Structures are given as structure tokens and as C-alpha cells.
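Protein chains: 2
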Amino acid sequence: MSDGGGLDPQDWAAFRALAHRALDETLDAVHDIRDGVPWKPIPAEVRAAIGDDPLPRAPSDPADVYAAFAAHVAPYAVDNRHPRFFGWVHGAGTPAGIIAGMLAAGMNANVGGRDHAAVEIERRVIRWWCDVFGFPATASGILTTGTSMANLIGLLVARRAAAGAGVRAGGISAEAGLTGYTSTEAHGSVGRAFDVAGLGSAALRAIPVDANLRIDVDALRAAIAADRSAGKQPFIIIATAGSASTGAVDDLVALADCARAERLWFHVDGAFGALAQLAPDLRRLVSGIERADSIAFDLHKWLHVPYDAGAVLVRDGALHAATFADHAPYLARTQRGTAAGEPWFTDFGPELSRGFRALSVWFTMKTYGLDRFGELIAQQCAMARALGERIAATPQLELLAPVTLNIVCFRYAAGLEDAASDVLNGKIVIDLQERGIAVPSTTRINGKLAIRLNVMNHRTTAADLDATLDAVLAAGAGLLDRSSA
Amino acid sequence: MSDGGGLDPQDWAAFRALAHRALDETLDAVHDIRDGVPWKPIPAEVRAAIGDDPLPRAPSDPADVYAAFAAHVAPYAVDNRHPRFFGWVHGAGTPAGIIAGMLAAGMNANVGGRDHAAVEIERRVIRWWCDVFGFPATASGILTTGTSMANLIGLLVARRAAAGAGVRAGGISAEAGLTGYTSTEAHGSVGRAFDVAGLGSAALRAIPVDANLRIDVDALRAAIAADRSAGKQPFIIIATAGSASTGAVDDLVALADCARAERLWFHVDGAFGALAQLAPDLRRLVSGIERADSIAFDLHKWLHVPYDAGAVLVRDGALHAATFADHAPYLARTQRGTAAGEPWFTDFGPELSRGFRALSVWFTMKTYGLDRFGELIAQQCAMARALGERIAATPQLELLAPVTLNIVCFRYAAGLEDAASDVLNGKIVIDLQERGIAVPSTTRINGKLAIRLNVMNHRTTAADLDATLDAVLAAGAGLLDRSSA
Numbered sequence: 001m002s003d004g005g006g007l008d009p010q011d012w013a014a015f016r017a018l019a020h021r022a023l024d025e026t027l028d029a030v031h032d033i034r035d036g037v038p039w040k041p042i043p044a045e046v047r048a049a050i051g052d053d054p055l056p057r058a059p060s061d062p063a064d065v066y067a068a069f070a071a072h073v074a075p076y077a078v079d080n081r082h083p084r085f086f087g088w089v090h091g092a093g094t095p096a097g098i099i100a101g102m103l104a105a106g107m108n109a110n111v112g113g114r115d116h117a118a119v120e121i122e123r124r125v126i127r128w129w130c131d132v133f134g135f136p137a138t139a140s141g142i143l144t145t146g147t148s149m150a151n152l153i154g155l156l157v158a159r160r161a162a163a164g165a166g167v168r169a170g171g172i173s174a175e176a177g178l179t180g181y182t183s184t185e186a187h188g189s190v191g192r193a194f195d196v197a198g199l200g201s202a203a204l205r206a207i208p209v210d211a212n213l214r215i216d217v218d219a220l221r222a223a224i225a226a227d228r229s230a231g232k233q234p235f236i237i238i239a240t241a242g243s244a245s246t247g248a249v250d251d252l253v254a255l256a257d258c259a260r261a262e263r264l265w266f267h268v269d270g271a272f273g274a275l276a277q278l279a280p281d282l283r284r285l286v287s288g289i290e291r292a293d294s295i296a297f298d299l300h301k302w303l304h305v306p307y308d309a310g311a312v313l314v315r316d317g318a319l320h321a322a323t324f325a326d327h328a329p330y331l332a333r334t335q336r337g338t339a340a341g342e343p344w345f346t347d348f349g350p351e352l353s354r355g356f357r358a359l360s361v362w363f364t365m366k367t368y369g370l371d372r373f374g375e376l377i378a379q380q381c382a383m384a385r386a387l388g389e390r391i392a393a394t395p396q397l398e399l400l401a402p403v404t405l406n407i408v409c410f411r412y413a414a415g416l417e418d419a420a421s422d423v424l425n426g427k428i429v430i431d432l433q434e435r436g437i438a439v440p441s442t443t444r445i446n447g448k449l450a451i452r453l454n455v456m457n458h459r460t461t462a463a464d465l466d467a468t469l470d471a472v473l474a475a476g477a478g479l480l481d482r483s484s485a
Numbered sequence: 486m487s488d489g490g491g492l493d494p495q496d497w498a499a500f501r502a503l504a505h506r507a508l509d510e511t512l513d514a515v516h517d518i519r520d521g522v523p524w525k526p527i528p529a530e531v532r533a534a535i536g537d538d539p540l541p542r543a544p545s546d547p548a549d550v551y552a553a554f555a556a557h558v559a560p561y562a563v564d565n566r567h568p569r570f571f572g573w574v575h576g577a578g579t580p581a582g583i584i585a586g587m588l589a590a591g592m593n594a595n596v597g598g599r600d601h602a603a604v605e606i607e608r609r610v611i612r613w614w615c616d617v618f619g620f621p622a623t624a625s626g627i628l629t630t631g632t633s634m635a636n637l638i639g640l641l642v643a644r645r646a647a648a649g650a651g652v653r654a655g656g657i658s659a660e661a662g663l664t665g666y667t668s669t670e671a672h673g674s675v676g677r678a679f680d681v682a683g684l685g686s687a688a689l690r691a692i693p694v695d696a697n698l699r700i701d702v703d704a705l706r707a708a709i710a711a712d713r714s715a716g717k718q719p720f721i722i723i724a725t726a727g728s729a730s731t732g733a734v735d736d737l738v739a740l741a742d743c744a745r746a747e748r749l750w751f752h753v754d755g756a757f758g759a760l761a762q763l764a765p766d767l768r769r770l771v772s773g774i775e776r777a778d779s780i781a782f783d784l785h786k787w788l789h790v791p792y793d794a795g796a797v798l799v800r801d802g803a804l805h806a807a808t809f810a811d812h813a814p815y816l817a818r819t820q821r822g823t824a825a826g827e828p829w830f831t832d833f834g835p836e837l838s839r840g841f842r843a844l845s846v847w848f849t850m851k852t853y854g855l856d857r858f859g860e861l862i863a864q865q866c867a868m869a870r871a872l873g874e875r876i877a878a879t880p881q882l883e884l885l886a887p888v889t890l891n892i893v894c895f896r897y898a899a900g901l902e903d904a905a906s907d908v909l910n911g912k913i914v915i916d917l918q919e920r921g922i923a924v925p926s927t928t929r930i931n932g933k934l935a936i937r938l939n940v941m942n943h944r945t946t947a948a949d950l951d952a953t954l955d956a957v958l959a960a961g962a963g964l965l966d967r968s969s970a
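Chains as they are written, first to last, in my numbering: chain Y, 1 to 485; chain U, 486 to 970.
Hints are computed from structural coordinates only; laboratory data are not their basis.
Every value quoted in this text rests on a predicted model; they were computed, and no experiment measured them.
A few of these clues could be false.
Within a straight-line C-alpha distance of at most 20 Å, the following computed SDA-like cross-link-like pairs (lysine to any residue) qualify [to be verified]:
#1 U/912 / Y/335
#2 U/912 / Y/333
#3 Y/448 / U/820
#4 U/525 / U/513
#5 Y/448 / U/818
#6 U/912 / U/933
#7 U/933 / U/952
#8 Y/427 / U/814
#9 Y/427 / Y/470
#10 U/525 / U/916
#11 U/525 / Y/335
#12 U/933 / Y/333
#13 U/525 / U/919
#14 Y/232 / U/658
#15 U/933 / Y/332
#16 Y/448 / Y/416
#17 U/717 / U/707
#18 U/525 / Y/333
#19 Y/40 / U/817
#20 U/525 / U/898
#21 U/525 / Y/340
#22 U/912 / Y/332
#23 Y/40 / U/916
#24 U/933 / U/916
#25 U/717 / Y/169
#26 Y/232 / Y/166
#27 Y/427 / U/919
#28 Y/40 / U/818
#29 Y/427 / U/826
#30 Y/232 / U/660
#31 Y/40 / Y/55
#32 Y/448 / Y/467
#33 U/525 / Y/334
#34 U/912 / U/874
#35 Y/40 / Y/427
#36 U/525 / U/535
#37 U/933 / U/899
#38 Y/448 / U/819
#39 Y/427 / Y/397
With the hints as constraints, model all of the structure from the sequences given.
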């Protein structure tokens, strides 16, 4: 498509027509989302068409590339846009996010630093979230690809606070015995952050949980005391606000008190649960989050910003910058000109080049307004609670965890031994997925395989949930019949 | 804009019209890019309009949000799309990338794992790059936000190789004395990766460079020997293929030989320089890259994929997975259904949720073809060399570094002392930026402030470079006149 003078089209009219067609079909796919299925298997010939495609040395007409996308990629999604997609904890995207993603690809801004409006937009978005969580004006933050990176950044700032400025050049000393504390229900990214940061995942103590799957604060205090007695150096408590398995939320007030008493960093992994702050009736669940030293959360989950987008906020902005800032000569800052505008976002995270995901966050927040997200979050949690009640009242079903937020974990029990139940419930989930009825995922609660429904999609209705539960009951009965036949 | 049933528009026709207008104006901005300037300062009232915008509790018409974008964001870019943007090492974006970014925002795929076409696309893209660099079928890789993260991932795999499986749980100990080697010209992200990984940036030895700013291999061998004598554990050599300051490329064959002789991991930071591999006449510069244990490179630089996109390839795919894979119960994989398709990309990097940046890479590679990128890279390097020759032949100017690839570093010398020259050249750069003529950036070469032109934009012509150099000469003379007046 190039004209020898670069990569811009020779025939702009044809290119424009293609872009508009692609936009229309993108919007059609969202408009007609209920006509499709939330997932279907990739046919072998489609997998081969993608997987055997040789290295593209020569150019192709962009219309042909788009046709390949439309034929082989678009139809074979894990379609978290669909109202009966309940798997994992995925956001659904929004039409406004499509415009924003297009605008961001068009501007092609590098938001690592320098003096331009894209940086101002990210600063504003960070400030808005500081306002949401009651963080002070001296707080800082940065958008990330998600909570995994946000947890890592929070941990690195805490590591810098505990080990001092010398840790950046001198590294971790095993003798220092830095230890952290979280619950057995914490997300895997927390242990992974300890691994990446050189502390080792074993330095993260997995504290038992109570019947509601919240961290046992007495056990936490005992673990800290035991580590201190053993010469270790406790330095961080990581709370879970919305566990990945069940949506459990730790007692953040008790943890903030404990962190203050023990003089430990208090980090909240609020991947999706932190956004309960937006719903007046749910806010009490995350009370205490405003006392955190750092908060990590996703924007591609309950804010439905297109993947990927998350954030970390740090109460002590100066310490945050002291953890990452360094000034290479080719990144020198100036008082005027393009290289003005300190601090740069490269001072607040490990990345030097950074995309303009802030535009999607800004566009989403302004278009829908945070009150609307609060309403939707409240509605979804109410639907999840109602579903939990229906499950508890259904003899063939067993609710496996309390419904704290929006996640419902249960199994088709039917009096089976656990091993047989695990097999049966795994089959039920795959049956629903393969038939295109719904996409639940699975987890394990106290060792038992659970069917897990994440009620997060803004298109999901109570009827979708009822239909899914009906399908679980039918599939369970059918599979039992067949196995006993 | 919501209808009470979610976040989809009530008035789809109006929303579609807005989206099409936004698309047209996005394409107009690229089509008319020469009519604008590569940068202009943000007026105070625009900065305030963004920065004082209160937390959006209530919704807004998306047309109003778009109007705010069009008024306050789009015009105030660091506009790396512009043919006279020469700052830092930024890609220019492409029209095909705009379509791909829009499609990706529309699909809203999470490419962390599971069985869907988006994962197959990323696998294919990684395999294509393995083909480009001659990596074996057992190699692995993952797309990242850029080379900063790619370098970190490469380092973590090397750390795992050197310290053994126990490092993930047990952490790193400064006492183990793991040491790495790179040149004084290495990118800041390499030292930052040592910092993040708990090794400490001081464990990365900065080896001197020769007159061509390439690592001094004899000095490297001596440093390794000295560290071994001191009881340290050398484990990695990190080569620079295209230094950030000047585009210098280390002797990769010599480094590969040294790494083999010393039994060290051989990582290549090829942020932009690795793509010289695409240009037949330049390929010799990166000869030896095919022997690397891991290669990090950007796709938002010389491939012009919209920000942000980079990649890391790892020769030993099993070791790569052993560095990151862990299996949380809520991420259990299955043989069939939505959760099939091992390995997942979460097994190859620190992120669990991941956007579909692979689509932009795939769309870009297929549309333009890699041969075209090779031609453009060769043209840009030829233009940079010609510019270097003109500078060397101009009495008022001083070329400060050899032009290896596409970066030209020079100063308006005019017989000044270094300190005065630094001030003058800094002023020249800001003058060109503020007047909208061109955006050079600066760096320091042997302590001297250099005007730095990165010739990477596929829209840049030799006339753009000549006009920029003319402007430097005029600005330099004018500033000297004024200061002596």
C-alpha cells in the first residue's frame, strides 16, 4: 500500500473506505453481541490458516489483511463482550473505549515523558483516582498494563522504603530477611512480584483465612511476631480487596491498624474489588483503603476500559519517584521545549516508552461518569447475591463460598464424592462453553472444584444468570444420567 | 449515553456517526501531517482545562468528550508522526496501525491465555520474529510494552538459569555475587532491570567503549576475570544493538564468542538496532544476533506499530516458561473448552491480563511486508550518513559520534568553550522546537551536549533533514549574534 515515500497509502480514498468498513463491522459486532456465542472452539483449518502463515516479506493489500482478520480472528474470540461470559474476571469493553482506542492508535503518543497533552491526561486520570480513594495531593501514581505490574511497582516502592536508597544499586541481601504478609487467597501476581523483585516468593507469608476467606488478622500478628523473633525484617502487608477465586475482601481497617502498629507498608491489591468504592452501598466493604500506602487496581475489569489498563497509586509520591527515577543523558529534561514537564512518567515505573492508555481511561470516565459505574457494580453484586440465594435453595447445588461481591462459586453436588464431583463439574463447565451457552470458569475452594461465575459484564441481566443456572442443572442431570446408564 | 441496561448507547446511529467522524479526523490528521508542526507548547488555558477538570461523577455526551479531546489533546502532541520529528527514538505510527488499534479495542481480548484466535496471532507473530533472527523452533517469546520490559524478562530468565530453580521462592542474595556486563553506552533500562530484579544496578558492570562507542571486548574479558578472582559469579553479557545516544552497535560476534567461552548468558538489547536485520545491506552490523540466548526489541520504533509494543525472544523456551509459569487454581487449564491451549502467555512474563497488541504487530507486518521495512531502514540510515557527511564538511558544525545507523549527533561549535557550547546548543534545540521547525533531542557525548537527530520516520525526506540543518545553522548564528551584541 506504500507509495515509495513511506507507509502512508497511495490511495487514501480506498484506505478510508476500508477503515470505515472496519469501524462499522467493529460496532456491528458489539451491537449484535447477543446473536453470537461467548466462545466457540477454533476449527483446525482456522488455526492452521493463522499458524502456518509464512513470514510476510511482501506487502499485502490492507483489505486482504482485514479480510483475514474478519475470517480467522474476529469470530474465534474468548468473547468477554458477551453478556453470558462469566469466566475469570474480565471486563466487557465499551463503545466509547473503541473510539478512544482508535484515537490513541492515531495519535501514537509515547507517554513516557516530555511536555504534551497526553501526559497531562494521564496526570489528571491519576489525580481522579487519588480523589476516589482519598489520597493526598502529594500522592503519585501511574497507569500500568494491569494489577500484576501495579502490584510489582507497589512492592518495589515498599522494598525501597524498607531497604533504603542503597537497594537500587546494592540489590537484595538475603541476610536482611525482608518478609511480607498476605492471605492464602491472594492473587498469584503478589507472589510473582516477590519472585521478580528478588525477594523470593517464600518471603511472602501466606496467612490462613477465616470462614469468609478473609485474612485471619490474629494469625497475621502471630506470623509477624514469629518472624521478628527469628530475626526477619517484616516490611509489608498486602491486603486483598476482591480475591480472584471468590471476591473475598480482607478487613482493611484491621489491616491498616496492624500495619500502623507494626510499622509496615500497607499495600492493597484491589484488582477489581477496589472499585466497590464507587458504589455507596458497597463502599463499607473496602473501608480502610484510604489508609493504604499503595493501591493497585485494574481499569480493564470493572471500568471496562479496553485491555490492557491498570493503575497503582502511592501515598508518598517522593518515595515513588525515588524508587524509579534516573536521568540518562538522552532523556535529559529541560525547562522549556519538548523535553520540559518534569516529573516524567518514566520516573514512576520500570517502562521508558509508554502507550496512551490514559486516553481510554479518561474517555471512559468522562463519558459514563463514575456514578454510573457505581450503579452497575451495585446491580451486578445484587444479581450475584440473588444467584447465590437461588443456588443455596436448590438441592442439587452447593454454594461453596460466600458471595461478597460479584463472584459466585458453587457446584452441582448431587451427593457425589469430591473426586467424582470435580470431574462432573469440570464437564459441566466445558459443556456450557462448547455449546456456546455461557462461559463460566472454575476454581478450587477448600480443594473442591467450583463452577465460578464472575458477574461483571454491563450487558448481563438476571435472565442471563438464570438461563446459565438452568443450563448447569440440565447439563449436570444429563451427564449423571449418561454416566449411570 | 447508557440506556439503563449497560454502557452501550441508546442512540446507536448518533454514536456511529460520532465514531465515523472521529475516524475521519484521525485519518485527516495523518494525511495533513505536514501542515502542522512536530510540537508546540501547551497554552496555559489548555493545561488548566485538562488539569482542573473535576472528577467526572456524571455522564457526558460522548460527542462532548470527543470535542474536548479534539480541542485540548489532539493539537498538543509530541508529534512523532511528523516528518521533522527527530527526537529520541520514536516510531511514527501508520494508517494500518490505526485500523488495528481500533479492531483491538473492539475485540477487547485478554491475551493472557485461554484458547482463542488472539493467542494464535501472538504465537504466530513471535514465530515470525524467531524466523527473522534465526531462532530455533524450541525458542519462545512474548510481546511486551517495549524493550524495558523485554530486557527485564530476558534478565529474569538469565537469573533463573544462573541461580537455579530455587531463586523463584528463595530470592536473590547479594552475597551470591551475580554480576552482569554491558557497555557504558547501554540503555538505562538495563541497569533498571538489575535494580528491579534485586541484583542491584551496581552488579551490572559498565565496560568502557572504543572510539566507535562499541564495548571494548578486551576490557570486558578483563572485568569478567577480575570478578571471578574476587569470588563473584559472572552470569550475563548484555550487548547493545543500536545505543540510545548514538546508534552504536556492539560487535555481537565477539560478544557471542566471549559469552560462549565464559559460559555466560548472551542477551542482546536491540531496541531499534535489531531491526537492521531486515535490511540486507545493514544486516552485517548485527551479525551474531542469531547466537543470542535472548533478544529484546521494540515494535513501536522501526516497525511503527502504535505505542506500546515490544518483544523478547528466548532461545530456550522451556527455561523461559520455568521462569514465570505458575498455576493458580483460578487459572487452571483444561484439555478442552475455553481454558485449553497451553502454554499460556502468562507463562512467559510477569503479566496475567494482557492486551491484544499482537494484532497491531500482525496487521503491520502483513500489510507492509518486512522487505519494505528493510528498504525504509536502509534509506533512513543512508540519509543519516549523508547528513553526517554534510555536518563533517560544514565548518560551523562538529560531528560528535560516528553515524552507525540512523542517529546523528553533532553540535554547533563555532569555537566556543564546551560550557558555552552546551548552553548554545541547548538553546538551538529549544528554538527549533518552539518555532515548530523540527524536534531534535539532545544527549551528551564525552560530556559534550549534542544535538541529536533520530532519522526513523517513514515520512522524512532528505529535504526535511537539510531544512533542519539549515535551521540549526541559522539559529546558531542568530543566537551567537545576539549574545555578542
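query = Holds or violated: residue 448 of chain Y with residue 467 of chain Y, Cα cutoff 20 Å?
reply = 24 Å, violated
query = Are residue 933 of chain U and residue 899 of chain U close enough, with their CA atoms no more than 20 Å apart?
reply = Given pair residue 933 of chain U, residue 899 of chain U holds - Cα atoms ~14 Å apart, limit 20 Å.
query = Are the Cα positions of residue 525 of chain U and residue 335 of chain Y separated by 20 Å at most?
reply = 14 Å, holds
query = Quick one, are residue 525 of chain U and residue 535 of chain U close enough, alpha carbons at most 20 Å?
reply = Holds, at about 16 Å.
ask   = residue 525 of chain U and residue 333 of chain Y: Cα distance at most 20 Å?
value = Holds: residue 525 of chain U and residue 333 of chain Y sit about 16 Å apart, inside 20 Å.
inquiry  = With the threshold set at 20 Å, check whether the alpha-carbon distance from residue 427 of chain Y to residue 470 of chain Y stays at or below it.
reply    = Judged against 20 Å, a Cα distance of about 15 Å means the pair holds.
message = Hinted pair, alpha-carbon criterion (20 Å max): residue 40 of chain Y, residue 427 of chain Y. Please report holds or violated.
response = 16 Å, holds
query = Given the proposed pairing of residue 912 of chain U with residue 335 of chain Y, does the C-alpha separation stay at or below 20 Å?
reply = 11 Å, holds
ask   = Straight-line Cα separation of residue 525 of chain U and residue 340 of chain Y no greater than 20 Å?
value = Within the cut-off at roughly 12 Å; holds.
ask   = Has the given pair, residue 933 of chain U with residue 952 of chain U, been kept, meaning a C-alpha gap of at most 20 Å?
value = Answer violated: residue 933 of chain U to residue 952 of chain U is near 24 Å, above 20 Å.
task = Mind checking the alpha carbons of residue 912 of chain U and residue 332 of chain Y for me, to see if they're no more than 20 Å apart?
result = 14 Å, holds
query = Taking 20 Å as the top limit, are the C-alpha atoms of residue 912 of chain U and residue 933 of chain U close enough?
reply = It holds: about 14 Å lies between the C-alpha atoms, which stays within 20 Å.
Hint violations for this structure: numbers 7, 20, 23, 27, 31, 32 and 34, all remaining hints satisfied.
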